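A.B. asks: Residues per chain, in single letters:
2 protein chains.
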Amino acid sequence: MSPVRALAKGEENLPPNVPEWTRSLGPGVTASPYGAPSPFEKAVVRRSVEWLTATEQSSINFTPLHALEGIITPSGLCFERHHGGVPEIDPDQHRLMIHGMVERPLLFTMDDILRFPSVSRVYFLECPANGGMEWKGAQMDGVQFTHGMVHCCEWTGVKLSTLLAEAGVLPTAKWLLAEGADAAAMTRSIPLEKALDDCLVCYAQNGERIRPENGYPLRLMVPGWEGNVNIKWLRRVKLGDRPWHHREETSKYTDLMPDGKARQFTFLMEANSVITSPCPEKPVKHGKGFHEIRGIAWSGHGKIRRVDVSTDGGDNWRTAELQEPVLSKALTRFRLPWTWDGAPALLQARAIDETGYVQPTIEQLRKARGVNSIYHKNSIHTWRLNADGTVNNVQII
Amino acid sequence: MSPVRALAKGEENLPPNVPEWTRSLGPGVTASPYGAPSPFEKAVVRRSVEWLTATEQSSINFTPLHALEGIITPSGLCFERHHGGVPEIDPDQHRLMIHGMVERPLLFTMDDILRFPSVSRVYFLECPANGGMEWKGAQMDGVQFTHGMVHCCEWTGVKLSTLLAEAGVLPTAKWLLAEGADAAAMTRSIPLEKALDDCLVCYAQNGERIRPENGYPLRLMVPGWEGNVNIKWLRRVKLGDRPWHHREETSKYTDLMPDGKARQFTFLMEANSVITSPCPEKPVKHGKGFHEIRGIAWSGHGKIRRVDVSTDGGDNWRTAELQEPVLSKALTRFRLPWTWDGAPALLQARAIDETGYVQPTIEQLRKARGVNSIYHKNSIHTWRLNADGTVNNVQII
Numbered sequence: 004m005s006p007v008r009a010l011a012k013g014e015e016n017l018p019p020n021v022p023e024w025t026r027s028l029g030p031g032v033t034a035s036p037y038g039a040p041s042p043f044e045k046a047v048v049r050r051s052v053e054w055l056t057a058t059e060q061s062s063i064n065f066t067p068l069h070a071l072e073g074i075i076t077p078s079g080l081c082f083e084r085h086h087g088g089v090p091e092i093d094p095d096q097h098r099l100m101i102h103g104m105v106e107r108p109l110l111f112t113m114d115d116i117l118r119f120p121s122v123s124r125v126y127f128l129e130c131p132a133n134g135g136m137e138w139k140g141a142q143m144d145g146v147q148f149t150h151g152m153v154h155c156c157e158w159t160g161v162k163l164s165t166l167l168a169e170a171g172v173l174p175t176a177k178w179l180l181a182e183g184a185d186a187a188a189m190t191r192s193i194p195l196e197k198a199l200d201d202c203l204v205c206y207a208q209n210g211e212r213i214r215p216e217n218g219y220p221l222r223l224m225v226p227g228w229e230g231n232v233n234i235k236w237l238r239r240v241k242l243g244d245r246p247w248h249h250r251e252e253t254s255k256y257t258d259l260m261p262d263g264k265a266r267q268f269t270f271l272m273e274a275n276s277v278i279t280s281p282c283p284e285k286p287v288k289h290g291k292g293f294h295e296i297r298g299i300a301w302s303g304h305g306k307i308r309r310v311d312v313s314t315d316g317g318d319n320w321r322t323a324e325l326q327e328p329v330l331s332k333a334l335t336r337f338r339l340p341w342t343w344d345g346a347p348a349l350l351q352a353r354a355i356d357e358t359g360y361v362q363p364t365i366e367q368l369r370k371a372r373g374v375n376s377i378y379h380k381n382s383i384h385t386w387r388l389n390a391d392g393t394v395n396n397v398q399i400i
Numbered sequence: 004m005s006p007v008r009a010l011a012k013g014e015e016n017l018p019p020n021v022p023e024w025t026r027s028l029g030p031g032v033t034a035s036p037y038g039a040p041s042p043f044e045k046a047v048v049r050r051s052v053e054w055l056t057a058t059e060q061s062s063i064n065f066t067p068l069h070a071l072e073g074i075i076t077p078s079g080l081c082f083e084r085h086h087g088g089v090p091e092i093d094p095d096q097h098r099l100m101i102h103g104m105v106e107r108p109l110l111f112t113m114d115d116i117l118r119f120p121s122v123s124r125v126y127f128l129e130c131p132a133n134g135g136m137e138w139k140g141a142q143m144d145g146v147q148f149t150h151g152m153v154h155c156c157e158w159t160g161v162k163l164s165t166l167l168a169e170a171g172v173l174p175t176a177k178w179l180l181a182e183g184a185d186a187a188a189m190t191r192s193i194p195l196e197k198a199l200d201d202c203l204v205c206y207a208q209n210g211e212r213i214r215p216e217n218g219y220p221l222r223l224m225v226p227g228w229e230g231n232v233n234i235k236w237l238r239r240v241k242l243g244d245r246p247w248h249h250r251e252e253t254s255k256y257t258d259l260m261p262d263g264k265a266r267q268f269t270f271l272m273e274a275n276s277v278i279t280s281p282c283p284e285k286p287v288k289h290g291k292g293f294h295e296i297r298g299i300a301w302s303g304h305g306k307i308r309r310v311d312v313s314t315d316g317g318d319n320w321r322t323a324e325l326q327e328p329v330l331s332k333a334l335t336r337f338r339l340p341w342t343w344d345g346a347p348a349l350l351q352a353r354a355i356d357e358t359g360y361v362q363p364t365i366e367q368l369r370k371a372r373g374v375n376s377i378y379h380k381n382s383i384h385t386w387r388l389n390a391d392g393t394v395n396n397v398q399i400i
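Top line first, the protein sequences correspond to chains A and B. If you number the first sequence the way the numbering used here does, the last residue is 400 and the count never jumps. If you number the second sequence the way the numbering used here does, the last residue is 400 and the count never jumps.
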């Protein structure tokens, strides 16, 4: 299967050469109270694109998907999207206020929040701009930039419905406004129905307290919905009878349609997928032969039911294996064994979720939505694998 | 339910006071290419105990379980146990040799390993010395030290059976020897049956490449078995027809019984559990009233079926809720809503796994195994919650 080296006669009874690092003691157990990756992995970092935004305080960086396996994104590599930079918040001074159309307006300390019944869930979180540079045909160089505005972590916190019950939601309330404590005071309107369904007020991410750039000490999780409504540094939830039409739901995070009208409150992240091996950052180095095609799929509707993979630009499809357990609204790892004949190939993945929704082609998406959008581009992506093993980002129309 | 503050008349229409961190921009997206916890969490680190071992290169530190939620342990906080410190290994120079009773002795580069079909699994890993200081009655101060030799991560790699098939195991082979590339050349014998069952040769931990202290670039995972056989920095697998009786399976990692004989090759980590809230590091700060008792349970046999919790030292038990999905050979988070009356209480958890195995009392364990053991102490643990909310480690006989 692989060109591993067979040992020569005589050599087989020897252990491999003893390397330098086996010849002396390494650092002991007090060396790194909080660990870090190997220096040999220093290239595996979040990366930003300078031309994308005016300032780096209101910008984005990208998860290095090509370097990741499984479904958990390590917290240090989760993409960041900020609207006013990362506040450094003292948790002892942080407060969450719930007010507006409630019976009892309340102010919670972090200790208060931590006392409530808790739940843990693995959820993906995706910026709706993921892939957005490609609506009009831009060809980003690598999966970190085409799809790296997504991550997946284990989140722990309190059900928002639990905190709302404490305050007593009035029957007139239909929406809520969630506000962050960052310099942008990032705010989004969320329908009460979703808030009562599966939203969480989280304080932990992958076991430990949430990282600063992901909302420390408190973040709203709105499972399966676009990243920006998952308000970080959550300080305020106000109940009302209609949406607020704040800046980030009028001038931004709307989808301009061909007729000049804009779709608003397009919260749900529909099924998406991408191949992470091979990809531009992870070329095929060993020539033709066996290669396991690997990738990730996800859907804001729930579980991924099936992922198909094509190696000929969508003419023929084979069903990939999904890594169990497949979790609702979480990344799902798919894998397909493939024998490459060494000829150029067009690699594609297509996700189908538990509602039967099928990830569309870019053609289908442009037909429905035009080319003026920035957000919610979840079309089937194509990598061209060249004969020399390098991989390019291409669009097939 | 909690003493959250109700807002006064007039106050309810205002947002909470605007804190200093909302008044200026924070750092942007290039500030931390690889993120780190908030400075306010600097006390949440691995900790070692100076008197426990002669040198820190052959020692252990402990996972801060009291500060963690859910089931994923962040890689930076996974306990470390080394026998010769942490080697800094160049992955391009690292090799894995498979030899001995095989048809084709083979030498694998990291690129070779990465080509094989991969799998991802969430597994706990526990040092058999976890809790070992308490066999004779020592009272460690806090859950980090009583139970912190355990962690749980998502591991990705190749099935060991796949690599062994490549080499062709001879019918005479019954055991294998796994060897690490650290200065201790840590070696353990493992029955071939287990190797072919569910062992993995892993290169990724929680999505990214394995951390140096956890075996970078390659580690053997032996699910549910004692930590030391999960050889880190894996460089060699030798097939043979009997165990090797190396140092770490004769002078160490055996269990001295009352009759002077030692149990050897006691690989499996039986069901265990501990309450992580409250605990000595996490006292009850709010006085009597509602408290969610939280903890973790695990079993090398497979899935946790049930966890019972007692608040009166084992006279009465209530069944806790298990966080879904419950995964085989992984940490399982349990939770129980409890109303504390403010009187001193004796808190215990008792895990039952899918084989029906019930976590024993310390009395049962000592009756069967005496008090000379260091390893495999998985008895029911007791915290005493005092009237002032502080928590002590106590033993009830």
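Note that these hints are calculated values from the structure, not bench results. Any given hint might turn out to be false.
[As the list claims (entries may be wrong)] Okay, the calculated beta carbon distance ranges per label pair:
#1 A:292 to B:245: 18 to 26 Å
#2 A:54 to B:42: 29 to 37 Å
#3 A:22 to B:293: 53 to 61 Å
#4 B:199 to A:345: 50 to 58 Å
#5 B:91 to A:245: 33 to 41 Å
#6 B:293 to A:393: 35 to 43 Å
#7 B:321 to A:324: 34 to 42 Å
#8 B:347 to A:93: 32 to 40 Å
#9 A:194 to B:397: 47 to 55 Å
[What the hints assert, rightly or not] Straight-line distance between alpha carbons at most 27 Å, and here's what the computed DSSO-like set of lysine-lysine pairs gives:
#10 A:370 to A:45
#11 B:306 to A:306
#12 A:162 to B:285
#13 B:285 to A:12
#14 A:162 to B:291
#15 B:288 to A:291
#16 A:285 to B:162
#17 B:306 to B:197
#18 A:162 to B:197
#19 B:162 to A:288
#20 B:197 to A:45
#21 A:264 to A:162
#22 A:177 to B:12
In this text, all values refer to a predicted model and were calculated from it rather than measured experimentally. Using N, Cα and C, we set each Cβ at its ideal position, and we do this for glycine too.
A.B. asks: Does each hint fit the structure? Answer for all of them.
C.D. replies: Going through the hints against the structure:
1. A:292 to B:245: 18 to 26 Å: For residue 292 of chain A and residue 245 of chain B the Cβ distance comes to about 37 Å; the hint is violated.
2. A:54 to B:42: 29 to 37 Å: Between residue 54 of chain A and residue 42 of chain B, where Cβ atoms are some 32 Å apart, the hint holds.
3. A:22 to B:293: 53 to 61 Å: Given about 56 Å between the Cβ atoms, the range holds.
4. B:199 to A:345: 50 to 58 Å: This hint is violated: roughly 33 Å between Cβ atoms.
5. B:91 to A:245: 33 to 41 Å: violated (59 Å)
6. B:293 to A:393: 35 to 43 Å: violated (60 Å)
7. B:321 to A:324: 34 to 42 Å: holds (41 Å)
8. B:347 to A:93: 32 to 40 Å: With a Cβ separation near 33 Å, residue 347 of chain B and residue 93 of chain A satisfy 32 to 40 Å, so the hint holds.
9. A:194 to B:397: 47 to 55 Å: Holds, at about 50 Å.
10. A:370 to A:45: violated (42 Å)
11. B:306 to A:306: Holds, because 23 Å separates the two Cα atoms, which is no more than 27 Å.
12. A:162 to B:285: holds (22 Å)
13. B:285 to A:12: violated (60 Å)
14. A:162 to B:291: holds (23 Å)
15. B:288 to A:291: violated (63 Å)
16. A:285 to B:162: OK: residue 285 of chain A and residue 162 of chain B at ~22 Å, within 27 Å.
17. B:306 to B:197: Answer holds: residue 306 of chain B to residue 197 of chain B is near 18 Å, not above 27 Å.
18. A:162 to B:197: violated (41 Å)
19. B:162 to A:288: Holds - the C-alpha atoms of residue 288 of chain A and residue 162 of chain B are around 22 Å apart, at most 27 Å.
20. B:197 to A:45: Violated. Residue 197 of chain B to residue 45 of chain A sits at ~35 Å, over the 27 Å cutoff.
21. A:264 to A:162: Answer violated: residue 264 of chain A to residue 162 of chain A is near 36 Å, above 27 Å.
22. A:177 to B:12: This hinted pair holds, its Cα atoms lying about 23 Å apart.
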